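Hey, can you piece these two chains together into the complex? The hints should help.
Line by line, the protein sequences are chains A and B.
Numbering of the first sequence is given in full-length UniProt numbering, commencing with residue 1 and proceeding in unit increments.
Numbering of the second sequence is given in full-length UniProt numbering, commencing with residue 1 and proceeding in unit increments.
Simulated from the structure, these hints should not be mistaken for laboratory data.
Model, not experiment: these values are computed from the prediction.
From the three backbone atoms N, C-alpha and C, an ideal C-beta is built for every residue, glycine too.
Where hints are given, some of them may not hold.
To be verified - Derived CB-CB ranges, DEER-like:
(1) A:Thr3 to B:Met425: 39 to 49 Å
(2) A:Thr3 to B:Trp67: 27 to 37 Å
(3) A:Gly13 to B:Trp67: 17 to 27 Å
(4) B:Gly103 to A:Asp9: 43 to 53 Å
What the hints assert, rightly or not - Partial selection, computed: residues in chain B whose CB lies under 7 Å from chain A:
(5) Arg59
(6) Ala62
(7) Leu111
(8) Pro113
(9) Thr160
(10) Leu161
(11) Thr163
(12) Ala164
(13) Asp247
(14) Arg248
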Amino acid sequence: MRTPRELADAHPGPAFTVTLDGREIEALPGQTVAAALWAAGVTSWRTTRGEGRPRGVFCGIGVCFDCLITVNDRANQRACLVPLHAGDDIRTQEGTGHDDRP
Amino acid sequence: MTDREPGQPRLAVIGAGPAGLAAAIAAAARGVRVTLLDSAAEAGGQFYRQPAAELRARRPQALHHEWRTWERLRDGLDAHVRAGAVRHLTDHHVWLVERRADGRFTVHALLGPEQEDPAEVCADAVLLATGGYEKVLPFPGWTLPGVITAGGAQAMLKGTLATAGRRAVVAGTGPLLLPVATGLASAGVEVAALVESAGPRAFAGRARALAAQPGKVAEGARYGARLLRHRVRLLARHTVVEAHGADRLEAVTVAALDGAGRVRPGTGRRIPCDTLAVGHGMLPHTDLAETLGCRLDGHAVHVDDEQRTDVPGVWAAGEATGIGGAALSLAEGHIAGRSAAARLRGARPEPAEWAAAARTRTRLRAFFAALDSVYAPPAHWAEQVTDDTVVCRCEEVTGGAIRAAVAELGAGDARTVKLLTRAGMGWCQGRVCGPGVAGLAGCELTPSRRPFARPVPLGVLAAAGEDD
Numbered sequence: 001m002r003t004p005r006e007l008a009d010a011h012p013g014p015a016f017t018v019t020l021d022g023r024e025i026e027a028l029p030g031q032t033v034a035a036a037l038w039a040a041g042v043t044s045w046r047t048t049r050g051e052g053r054p055r056g057v058f059c060g061i062g063v064c065f066d067c068l069i070t071v072n073d074r075a076n077q078r079a080c081l082v083p084l085h086a087g088d089d090i091r092t093q094e095g096t097g098h099d100d101r102p
Numbered sequence: 001m002t003d004r005e006p007g008q009p010r011l012a013v014i015g016a017g018p019a020g021l022a023a024a025i026a027a028a029a030r031g032v033r034v035t036l037l038d039s040a041a042e043a044g045g046q047f048y049r050q051p052a053a054e055l056r057a058r059r060p061q062a063l064h065h066e067w068r069t070w071e072r073l074r075d076g077l078d079a080h081v082r083a084g085a086v087r088h089l090t091d092h093h094v095w096l097v098e099r100r101a102d103g104r105f106t107v108h109a110l111l112g113p114e115q116e117d118p119a120e121v122c123a124d125a126v127l128l129a130t131g132g133y134e135k136v137l138p139f140p141g142w143t144l145p146g147v148i149t150a151g152g153a154q155a156m157l158k159g160t161l162a163t164a165g166r167r168a169v170v171a172g173t174g175p176l177l178l179p180v181a182t183g184l185a186s187a188g189v190e191v192a193a194l195v196e197s198a199g200p201r202a203f204a205g206r207a208r209a210l211a212a213q214p215g216k217v218a219e220g221a222r223y224g225a226r227l228l229r230h231r232v233r234l235l236a237r238h239t240v241v242e243a244h245g246a247d248r249l250e251a252v253t254v255a256a257l258d259g260a261g262r263v264r265p266g267t268g269r270r271i272p273c274d275t276l277a278v279g280h281g282m283l284p285h286t287d288l289a290e291t292l293g294c295r296l297d298g299h300a301v302h303v304d305d306e307q308r309t310d311v312p313g314v315w316a317a318g319e320a321t322g323i324g325g326a327a328l329s330l331a332e333g334h335i336a337g338r339s340a341a342a343r344l345r346g347a348r349p350e351p352a353e354w355a356a357a358a359r360t361r362t363r364l365r366a367f368f369a370a371l372d373s374v375y376a377p378p379a380h381w382a383e384q385v386t387d388d389t390v391v392c393r394c395e396e397v398t399g400g401a402i403r404a405a406v407a408e409l410g411a412g413d414a415r416t417v418k419l420l421t422r423a424g425m426g427w428c429q430g431r432v433c434g435p436g437v438a439g440l441a442g443c444e445l446t447p448s449r450r451p452f453a454r455p456v457p458l459g460v461l462a463a464a465g466e467d468d
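With the rest of the complex left out, here is chain B (with noise of 0.2 Å):
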């Protein structure tokens, strides 16, 4: 930790995807040493990801969307580190930021897919670009295999060049999902279904709002027009009520949902489908930032005009802030890299100078804060929530032992039903059921204040002090 050089700041940067690139390159261009760490083989983060180099792909863009902005992405970053301006840490999984006595902050990370093995980067300030993760409600049946996450479809499809079987279901609601069945579809797989539980009349509703974003309508009418070329049917205001098979998924129930989203009776029809693609909305990844003491806006972590969160020395950008894409990731990364190179060299940032920036910043939030109102699960999903469904995968805690914890335990708050019941105690810590199991038990999902944000070995734990 002596590698510094006086006189030149040093950021690090935690996340490459669209925002840390964006902010990485901005701050790069600064005079401003950053040092980008991401999980993952290679920079792009789950929009960008990028097949393993050694599938040798000369045509990853079929699988992409914005293809043009990541090369810029991509050439940009390539000439940061060429220059030594940007050290990229791939295989870096960061489980905590450290803020030291002397204001400056220590980053730890576990290296590449096994995380056994620690590494510690010093900096100055940190830029916060952690990206979010998918929300899925449980239903039965989601514990078979064959039932994905729609992001994990399309992160096996982009990453590894793979499908898991041949015929496909996508539900749930939410943008995600037409990118994820024109993917699957347009990679050979027979999409039977894409199952929305939004219907047209809640676009309606909005058409405003969304009617100001003419990039963004088109970009909804070019899904929609690929759909069709592939013979995807729409099923809008329905859901999956039951996921189908003994040891694999064999197929899915779907039925429509009344106005107020109630599934009518009645109207439930098999799909046989041996994949199940779902999600329900995505969710930032903020456990860096509460472990920093960053306040939160509901699950989002608050920033300020500048991307600045309360904390001095963090920056944050992109989904972390709030979910709402890839431009407006770009926008917020951009805004943060700059400020973050101001700031650390003592000087008050000119917001005029990111005027475009901070100008699609405002637009695309509007946008997505519409779009939030239009997709939303179906309202009485939970009744569909039978009492031996496992809600909490890891711990294979049910709906009934959820709902006894509430009913005859007198549990009040999230944090009560996971200690009666263990739901979101396993390898996940609760992030795949926390949505879940606030539902069940009509509880807000409240932010899960976890000190590491992933599994840490003990000898790591143990040896993480011992320079200090």
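If we strip away everything but chain A, and leave its shape as in the complex, we get (with noise of 0.2 Å):
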């Protein structure tokens, strides 16, 4: 089965860990965090204020905020938005990102 890497002959640089909830997973250079997450076969990573219900990318541009997460302990980051780096530590975020605070 042909890939989106293989259709566009892509060849982006070693692959480095980042930390889902503290298991280590595989991104790319260039990927946003959603796009790795689907890659790890991830596609929800939020659960709503009200109903606690799972979400994940809806619109992937930006504008929906539905694919929110904390990245690096800033909660409330677009996936589909933030490029990831070699070790950053990404967390599956409930309700309003910031419930666990003092």
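Here it is, written out as structure tokens:
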């Protein structure tokens, strides 16, 4: 099966490791948080404030704010916009993302 | 803000898609100093969205159409940037354009994906090329992970070479669905069906207007051939009535529509899939224009033959002035850039110089007006929205709550519905749910008059006026 990277003949630099809730996942230079999570088979990373329902990417261009996630202790980052760097600490987000603050 | 050279007028172009690029190049070639601000890391906008540079794609054109045109735009921009005529500010998310007492403008932006640090650009005139965004109407299950917008599927593919799953359904209505379906299929995703609510007869009724654009008809035929090659099943006059799954998408139910746009009972069938890419057309981005006080025609920024808005010093081009695709955006951007360059020099522009672009503009506006009447969501889509369907995704407001606001509390317009239910008060400020809420409430979708085009940290807001 053909992959998008094969289609575009992409040769990114070596993969690096980031963590999702402490679990190591691989990411490629140039990937956003959302792209790396999709590649790792993860499609939801937030639960809503009211009903606690799972959410992930919806609009993919930063308009809808559905894909919010905590990156390096900063809550409410849009996974579809934020690029990843080696060692980034990604955490799934519950509610407002600030619920665990004292 | 003292970096102004006397004698050289400055134009801020907001948006580096086809319209903004054409405008920036046209104005820079005529002696204007251009600052091009765009939210992405690279020029291109949504249509020519480029893979992140670090992905080192050697064949990005495999994801694109009209690549030659992109190369011309990219090379034109590069040449003007090297010559110092254009300053290209990437990762600048513009939240406000302010018209100052002296008639000049301050463009306020937030930097980087984090959007916490501010930047300001000063200009004698502004050109809004803010593009459009996708309209998606609600249906049961549309909040499940795995349900994404058609444009979002394309953006993730073009920008990050990522796809969400293995088996997709592409659904809704509009010309965007074809490139999304063929794009996903060529990237290795099995596209189980392309579900389009418009029927073939709607096209026949508009045959004359559509046939006046042989290039566009040929483009449609090429997509058709690619769908066949990838064995994508086209279900015309069908709609998705429900997305199924517990914590993520597992299947959709699609059903046939009758001539009046109602679901035909008993025609539902279930299609297993892990991705649903859905869209119901596009809406212009008009926030910046609205705050400037520009007149709107319906949902689009009103412009004259030179692409001037009714606010002095403000031009607009591309999909902010009406949805019409990349070729129309290029023509409008070119005209706007030339007009702005002439007017900023105090000269009267000579429209004969852009006659070819004006003819293209006339032709494509007529074509897209015809398309618009062909591609429409099912007339009775709101009947499929159950009372427990979440309509406002941010504030989790259900269809039942919106209906109750109208039927029991007497809300008669979209604003009252919002005040009574919180629909549209969340992070996205009603950009996503606006059409759905208005449709369910039986109101017109009215311009929202958001003071800022995106969320702004309070510290940035407090500091924004300090220099004045």
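Consistency of the hints with the structure:
1. A:Thr3 to B:Met425: 39 to 49 Å: Given range 39 to 49 Å: holds, Cβ gap about 41 Å.
2. A:Thr3 to B:Trp67: 27 to 37 Å: Once the Cβ atoms are compared, 21 Å apart, the range 27 to 37 Å for Trp67 (chain B) and Thr3 (chain A) is violated.
3. A:Gly13 to B:Trp67: 17 to 27 Å: 25 Å, holds
4. B:Gly103 to A:Asp9: 43 to 53 Å: 50 Å, holds
5. Arg59: Holds: closest Cβ of chain A sits about 4 Å from Arg59 (chain B), inside 7 Å.
6. Ala62: Holds, about 5 Å.
7. Leu111: 12 Å, violated
8. Pro113: Pro113 (chain B) check passes; min Cβ-Cβ to chain A is 4 Å, inside 7 Å.
9. Thr160: 4 Å, holds
10. Leu161: 4 Å, holds
11. Thr163: Cβ of Thr163 (chain B) sits 6 Å from chain A, so the hint holds.
12. Ala164: 5 Å, holds
13. Asp247: 5 Å, holds
14. Arg248: 5 Å, holds
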